[in-house]
Amino acid sequence: MIRIVVSPAPIDLAAELARVEVPGAGGVASFTGLVRADDGIATLELEHYPGATEATLEALAQVACVRWGLLAASIVHRVGPMAPGERVVFVGTAAVHRAAALDACAFLIDRLKTDAPFWKREVKVDGRAHWVDARASDEDAAARWR
Amino acid sequence: MIRIVVSPAPIDLAAELARVEVPGAGGVASFTGLVRADDGIATLELEHYPGATEATLEALAQVACVRWGLLAASIVHRVGPMAPGERVVFVGTAAVHRAAALDACAFLIDRLKTDAPFWKREVKVDGRAHWVDARASDEDAAARWR
Amino acid sequence: MAINVLYFAWVREAIGMGTERVQPPAHIVTIADLIDWLRGSSEGHGRALADIARLRAAIDQRFVALDTPIGNAHEIAIFPPVTGG
Amino acid sequence: MAINVLYFAWVREAIGMGTERVQPPAHIVTIADLIDWLRGSSEGHGRALADIARLRAAIDQRFVALDTPIGNAHEIAIFPPVTGG
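Protein chains in written order, with my numbering: chain A, 598 to 743; chain B, 598 to 743; chain C, 5 to 89; chain D, 5 to 89.
One or more hints might be untrue.
As the list claims (entries may be wrong) - With a straight-line Cα cutoff of 20 Å, these simulated EDC-like cross-link-like pairs (lysine to aspartate or glutamate) come out:
| no. | chain 1 | residue 1 | chain 2 | residue 2 |
| --- | --- | --- | --- | --- |
| 1 | A | 717 | A | 700 |
| 2 | A | 717 | C | 71 |
| 3 | B | 721 | D | 37 |
| 4 | A | 721 | C | 17 |
| 5 | A | 717 | A | 613 |
| 6 | A | 721 | A | 609 |
| 7 | B | 721 | B | 683 |
If you're looking for bench data, these hints aren't it; they were derived computationally from the structure.
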């Protein structure tokens, strides 16, 4: 089961996790990225490249399913404006054994960060706004899976 | 925030995850272990060592909090009889950055498997029952964190 | 041959639009050539496309290096390095 | 000195009880000694404690090696390798 969603709707964590708990799974891993509240951010805006985004996420999920023999892989990414504490991204994986689920989950979020066409814009509480720069640490994290 | 629960009650995944999504967290990782439905198991019974179990899990969570600077660590383990598809264990971690949350989550489930005094007994659909043997692969997985 | 060019994030913001249809002259071979040529379209294009090291691109929704020939592309996207998740 | 001995999993099942109170003689120094001595208590004890390689132990809820001296332990648990999660 592969599920790819890119949408401005809030992420329903319970519903998303329930979808990943497929029959036969012994382990389910998840990662949820949240808008951090601690650096003066009032609003985070996520822009993306419609069509290309979904295709990239689908391709990543397929790679993970083959590499780790996953029973389920789900990537749900929110776009548009969101507030601190809100969920930006959910990655869920299910496998017969836990190591596959855990490794595949880390792989998907690391590669998503560098490969999928999303861009973040931060609006601070004082009204100033800027586009977030890409981070070398994200490149490093993604590189360890190649 | 450290949360340790050992209980025969079913694990409420949405409620447990919500508790881990603490203010300031940028990443939340979770692992859920499920009773596998695919090897003729009718019932899985979990026995534990009351008191020692909670102390072991608390100690593991504290180690993880210090080692990865976690904002939250939660371990919820079910005991008693349960059916295929039901949740046996939930591990949730929250950190400012994703790598800490992901690594700490993997650490906790790996170490829990080898360090915490739980014992599994499988009752098959044909009525036969046996105590599950410890696995060398669990020892290997736990050893990589030392 | 006309190409749809898409812009995202601060590239889009500086140019003032998310998409435009252009007809590059025959000597435009690679995406880098195209960026070079687009830079003269407006003051906003000039600013958005000034530093090619800060730009990434896709041809027909496939991510490619900037020295990739345009070929028969229908859609070319120009954008900053991604910052998702 | 009396000690509470706890059994878990198939050790408990074979012995037929989860806990008992014992008063080991003075020559019982380590947990391995205790296991050796307990083995004679009943047929079930004999079966449960036959293979020391399959046993693990805790003194006062702290996990220890089987050659650990009992000392002033109040509670000793004997059980198979753990299989949780």
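Of the numbered hints stated earlier in the document, which are not met by this structure? 1, 2, 3, 5, 6
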